[in-house]
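Number of protein chains: 2
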Amino acid sequence: MPKAEHLGEFEQLALLAVMRLADEAYGAKIQAELEATAGRAAAISSIYITLTRMEKKGLVRSELGPPSEGRGGKPRRYFRIEPEGVEALQGSRAQLMAMWSGLEERLKQV
Amino acid sequence: MPKAEHLGEFEQLALLAVMRLADEAYGAKIQAELEATAGRAAAISSIYITLTRMEKKGLVRSELGPPSEGRGGKPRRYFRIEPEGVEALQGSRAQLMAMWSGLEERLKQV
DNA sequence: GCGCGATGTTCACATTGTAATAGTTATTAT
DNA sequence: ATAATAACTATTACAATGTGAACATCGCGC
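Just so you know, the protein sequences line up as chains A and B, in that order. Residue numbers for the first sequence follow our numbering, beginning at 1 and rising by one. Residue numbers for the second sequence follow our numbering, beginning at 1 and rising by one.
Some clues are possibly wrong.
As the list claims (entries may be wrong) - In silico contact screen, one side only, chain B against chain A (beta carbon under 8 Å); selected entries: (1) LEU7; (2) GLY8; (3) GLU9; (4) LEU13; (5) ALA38; (6) ILE44; (7) ARG71; (8) ALA98; (9) LEU107.
Claimed, not checked - Label pairs and their in silico Cβ distance ranges: (10) A:SER68 - B:ILE49: 43 to 51 Å; (11) A:GLU105 - B:GLY65: 22 to 30 Å; (12) A:PRO67 - B:THR52: 46 to 54 Å; (13) A:SER68 - B:GLY91: 21 to 29 Å; (14) B:SER101 - A:SER45: 51 to 59 Å; (15) A:GLY70 - B:ALA36: 51 to 59 Å.
To be verified - Quick partial rundown of chain A residues pointing at chain B, CB under 10 Å, derived from the structure: (16) GLN12; (17) MET19; (18) ALA22; (19) ILE44; (20) GLY65; (21) SER68; (22) GLU69; (23) GLY73; (24) VAL86; (25) SER92; (26) ALA94; (27) TRP100.
No lab work stands behind these hints, which were simulated from the structure alone. The structure displayed is predicted, hence computed values, not measured ones. Cβ coordinates follow ideal geometry from the N, Cα and C atoms, glycine included.
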């Protein structure tokens, strides 16, 4: 029973990638999305571990795709964000935006 | 020698609070600022531990205020953000903004 | 002197993030 | 048929980040 109070830095990014990819959100693609969009290198293990932990907290769910799609390897595991995940994400975002508000201007003067 | 690749969730918030408070950034006030502006409860120990660790990485520096100011207790420890800290903060922000871009609209439809 | 309020500090632990490595299975090459 | 390769998922052990509880310091008012 994790306490699950706040989303970690990487948890936020991983959730966002899942949302962006909609129904194409599986491990390898999530990794590519993070690299391409955020410029954030992430180990593939970080992605699986983080998403699996979040699944236990009810922030995402996952299901296996069809066993074959003209390719080898294990079937893909597709992730979907749950309403709780969306909510957590919006909460984190609101905190950061509140803290940033008014700071951009000040930074320009330096 | 920590590796210090990315800022954690709380590291970001703590740095932002230090920036917002300018030359009034000491432990208790940082805690109050987080609560007031972000609605984020944080243990006072989290603040000191996190900022002390970031000081070792060169993201902030700190100095003790005058021993007394008509009040008891240890002298206040004032924190300042360093240019490296500002840079790290902007990097984290850019990643999140990139990942969020385009998602707000999609969310409204749910 | 004694307690109170306003600080800062430390320790032990829980949660979050990563590197290294192993496992699965279709397709292609030999 | 067998082996190599490619495209994936999974586990383990550890490092970094975050927290709760408890303690230490010191001026002020009684």
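- Holds or violated: ILE44 (chain A) as interface residue toward chain B, Cβ cutoff 10 Å? Violated: closest Cβ of chain B sits about 16 Å from ILE44 (chain A), beyond 10 Å.
- Task: Return the status of the interface hint for ALA38 (chain B): holds when the least beta-carbon distance to chain A is below 8 Å, violated otherwise.
- Result: holds (4 Å)
- Message: Min Cβ distance, ALA22 (chain A) to chain B: is it shorter than 10 Å?
- Response: holds (9 Å)
- With a cut-off of 10 Å on the beta carbons, see whether ALA94 (chain A) makes it to chain B. Result: holds, 8 Å to nearest chain B Cβ.
- Item | Interface hint compliance - LEU13 (chain B) to chain A, C-beta minimum distance less than 8 Å | Where the cut-off is 8 Å and the nearest Cβ of chain A is about 6 Å from LEU13 (chain B), the hint holds.
- Message: Looking only at beta-carbon atoms, does the pair SER68 (chain A), GLY91 (chain B) fall within the given range of 21 to 29 Å?
- Response: violated (41 Å)
- Have a go at the TRP100 (chain A) hint: is there a Cβ in chain B nearer than 10 Å to its own Cβ? Nearest chain B Cβ about 7 Å off; hint holds.
- Message: Min Cβ distance, GLU9 (chain B) to chain A: is it shorter than 8 Å?
- Response: Status holds, d = 5 Å.
- Message: Given the hint of 51 to 59 Å, is the C-beta distance from GLY70 (chain A) to ALA36 (chain B) inside that range or not?
- Response: holds (56 Å)
- Query: Taking the least C-beta to C-beta distance, is MET19 (chain A) closer than 10 Å to chain B?
  - Reply: Hint holds; MET19 (chain A) Cβ to chain B Cβ min 6 Å, cut 10 Å.
- Restraint satisfaction for SER92 (chain A) [CB to CB of chain B, less than 10 Å]: With a minimum Cβ separation of about 7 Å from chain B (threshold 10 Å), the hint on SER92 (chain A) holds.
- Task: Check the following: the C-beta atoms of GLU105 (chain A) and GLY65 (chain B) are separated by a distance inside 22 to 30 Å.
- Result: With a Cβ separation near 28 Å, GLU105 (chain A) and GLY65 (chain B) satisfy 22 to 30 Å, so the hint holds.
Going down the numbered hints, you'll see the structure goes against 6, 7, 13, 14, 19, 20, 21, 22, 23, while the others check out.
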